[in-house]
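Chains as they are written, first to last, in full-length UniProt numbering: chain A, 1 to 206; chain B, 1 to 206; chain C, 1 to 206.
Because the hints were derived from the structure by calculation, they are not lab data. As the structure is a computational prediction, the values presented were derived from the model and not from experiment. Ideal placement from N, C-alpha and C gives every residue a C-beta, glycine not left out. Treat the hints with care, as some may be off.
Claimed, not checked - So the derived label-pair ranges between C-beta atoms look like this: (1) 168(C) <-> 7(A): 32 to 42 Å; (2) 7(A) <-> 4(B): 42 to 52 Å; (3) 191(B) <-> 137(A): 21 to 31 Å; (4) 62(C) <-> 3(A): 33 to 43 Å; (5) 175(C) <-> 7(A): 51 to 61 Å; (6) 60(B) <-> 169(C): 20 to 30 Å; (7) 190(A) <-> 77(C): 23 to 33 Å; (8) 82(A) <-> 182(C): 51 to 61 Å.
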Amino acid sequence: MLTYIYVIAITAEAMSGALAAGRRNMDLFGVALIAFITALGGGTVRDMLLGNYPVTWTQHPPYIYLTIGSGLATMLVARFMHKLNQIFLILDSMGLVAFTIIGCNVAIKLGYETPVIIMAGITTGIFGGILRDIMCNRTPQVLRHELYASVSMVVAVVYLLLMSQGVSDDINTLASFSFGLALRLAAIRWQLSLPVFSYSPGRWGD
Amino acid sequence: MLTYIYVIAITAEAMSGALAAGRRNMDLFGVALIAFITALGGGTVRDMLLGNYPVTWTQHPPYIYLTIGSGLATMLVARFMHKLNQIFLILDSMGLVAFTIIGCNVAIKLGYETPVIIMAGITTGIFGGILRDIMCNRTPQVLRHELYASVSMVVAVVYLLLMSQGVSDDINTLASFSFGLALRLAAIRWQLSLPVFSYSPGRWGD
Amino acid sequence: MLTYIYVIAITAEAMSGALAAGRRNMDLFGVALIAFITALGGGTVRDMLLGNYPVTWTQHPPYIYLTIGSGLATMLVARFMHKLNQIFLILDSMGLVAFTIIGCNVAIKLGYETPVIIMAGITTGIFGGILRDIMCNRTPQVLRHELYASVSMVVAVVYLLLMSQGVSDDINTLASFSFGLALRLAAIRWQLSLPVFSYSPGRWGD
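Bound-form chain A, shown alone (with noise of 0.2 Å):
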């Protein structure tokens, strides 16, 4: 199941990296190298963290084809991508989502510790979509609207302590990844968010 969800999700990915390079007015190559940076850097950060050689993605190069052409594709329906905004909402929390429960695997495999295992489920959940915005010169998105990246804490939370009760992998993900796309569909519909910080600058760290 989680295969298949990924599947979808890495193309809704590679598709809001799409628009987002189309904002910067980049060319057909700088639209498919960002869909395709979104949708695989994730992964491909927690693989380089975790020293988990080879990258994934370089094993399977359908991935590549398919995020660069989704990247692609986005370009000729873009004028009808506000019609479909609540389709690629529930797409891209769907990835949010499973990323993260797929990064928490890889880092389980490799024997690492629990904060560790959360933070690599984070990092596949969310350096995606932050590697896409430093791309296109912008400041991370997924840090500043209503819940996002602290779904995916509390989506590898969750697994992990239904993991140490003994529920059974299947059920597990299944749960986890139903709580979490509840979570972020209810943050979505009512505008749930973290209390922002703001800071008036001083002279330390400016």
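Once you've looked at the hints, dock chains B and C against the given chain A.
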């Protein structure tokens, strides 16, 4: 031959980095660091992506001195730079193409599949410039102007095609290099560019 | 001693990250993440560059809690921060110097050559701050203000010089640390800075 061009290339890339740092009013150290990252960052990202340790430049200290030295020297000749514009565009183009071929060869030696080899070539070719622009807080130029990143991709594809046809490596390198350089110079001369994707904000992915 | 200073240093760096996040109006999660990356990002980049797996902080969960906790606590004390300005500048300077020496030692243990050891020290010293600024979408401050990155380089060189003279490691660490801290504090006190390179755009590399 490729080694010789490589040395010219990292020098040209280092100078491009130094000029970008100068636009941000960085100090001597910043100029040296950005020069270094622009010249050797593409290969570094490739090595880290492919798990190719130790990273190439760590085994070749002269490259460190050369790029830092070139960056600092650029400050002295910056006032004449606009007169040397043509020459630098050519050196930079040679670098792009040489970097790409070198990057492909690294991935080939490590036994990666074709699409990963192409990505490794492109990464080596363009990521130094992307890191330069990220560190100077601007949208990556290589994804917006005349054919640049796409030349890197075309060179990688041509190189692999000729290789698959059993063309000897020397001839292949010469042919791919010449073709890529001609394509890039033609793009500069006639302002060839890929179609640009312009997208105005909606909510999703914003 | 270095461990003790290291703990102070990552706390100071985490706070600097939290303040930068606050300037971008990030939410709680963003503050925690930027604090973590600012404090531990330099060492992470060093480990990934040198192939030093597993990355240091993944083996020391307390560092994760400390940096995230410090980041969040900063929000509570931010209003008093301008009064504590002097203290934080000193803590931050101690961190810069301690990070540098620690980074050199990691590269030495892995058997890298002198220029790579110096680069490893500098990377550990300054890359947390660079990542902080990239993620907050501003030009890296460490490359523009009073002597900062250059202090890191000088400390690395002094440390290696004394080591090559057979000075015992304890004395060397103490001497290099004191010298570096004095240099940095002098730079703050008398606004010492490196010459700045200012370059106005021409076409090449633009």
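Unsatisfied constraints (hint numbers, rising): Of the numbered hints given earlier, the structure breaks just one, which is hint 1.
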